[in-house]
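Undergrad: Based on the sequences and whatever the hints tell you, model everything.
Listed below are the residues making up each chain.
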Amino acid sequence: AQTVTQSQPEMSVQEAETVTLSCTYDTSESNYYLFWYKQPPSRQMILVIRQEAYKQQNATENRFSVNFQKAAKSFSLKISDSQLGDTAMYFCAFMNQPSGGYNKLIFGAGTRLAVHP
Amino acid sequence: EPEVTQTPSHQVTQMGQEVILRCVPISNHLYFYWYRQILGQKVEFLVSFYNNEISEKSEIFDDRFSVERPDGSNFTLKIRSTKLEDSAMYFCASEAGVVDEQFFGPGTRLTVL
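Protein sequence lines, in the order shown, are assigned to chains H and X.
Mapping the first sequence onto my numbering, position 95 (from 1) lands on 95, and the numbers just tick up by one.
Mapping the second sequence onto my numbering, position 35 (from 1) lands on 1035, and the numbers just tick up by one.
Rather than coming from a laboratory, the hints here were simulated on the basis of the structure.
There could be a bad hint or two in this list.
Said to hold, decoys possible - Distance condition first, Cα-Cα at most 30 Å in a straight line; then the derived DSSO-like pairs of lysine-lysine:
hint : chain 1 : residue 1 : chain 2 : residue 2
1    : X       : LYS1042   : X       : LYS1078
2    : H       : LYS70     : X       : LYS1042
3    : H       : LYS55     : H       : LYS73
4    : H       : LYS73     : X       : LYS1078
TA: Shown next as structure tokens:
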């Protein structure tokens, strides 16, 4: 069974600084998808960024980028120029290559990020 | 911008009672999911639903749980004979196509007393 591990329960960063959140996963599959979701205090889950395992290029979305190391099964999230609104819980999630067109997300335990002024 | 909505935002019930959690997915989406998050813990998959039937369910989704899409717009999760350990935040999600973004609703906090 696939597992997702986030080893940092809490992180903090000063506004405008850069922070990296770690995620490792375990799978025997070669094709899969990885995601970072943000859950602010309002509790709604918001997709931050996704990465397809078959793509070697790391995904980027504005201030958010990932470092995807397939051999090491590592998928870290880098947040540049941190803003107060980035304060949230961040979940790393894994999805197998779907069969039948649907599939579940498997989440890590989350990292609580606090951005300080 | 289209969004997934869920009602109620908070449901309190007595142990042993039945609850129905409601979700309105984004209108053109085809795949629907329920997840739950016990306070302070990870988000866990419950069930996926496509073409009016369950695609996959987890061990959590025992025979007290059921889902249906009664009218082509709503997507409901019913829990019969609720237990204290059912207390959690329940999230509905919908997805337009294969490995598109799963859009999450704001969640329903279920408290079983």
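Undergrad: Next step is simple, just say for each hint if it's right about the structure.
TA: Taking the hints in turn, this is what the structure says about them:
The straight-line distance between the Cα atoms of LYS1042/X and LYS1078/X is roughly 22 Å, inside the 30 Å bound, and the hint therefore holds. Using a Cα cut-off of 30 Å, the hinted pair LYS70/H and LYS1042/X holds, with the two alpha carbons roughly 23 Å apart. At most 30 Å may separate the alpha-carbon atoms for a hinted pair to count; LYS55/H and LYS73/H meet this at roughly 14 Å. With a C-alpha separation of about 37 Å, the suggested pairing of LYS73/H with LYS1078/X is violated against the 30 Å cut-off.
Checked against the numbered hints given earlier, the structure breaks only hint 4 and satisfies all the rest.
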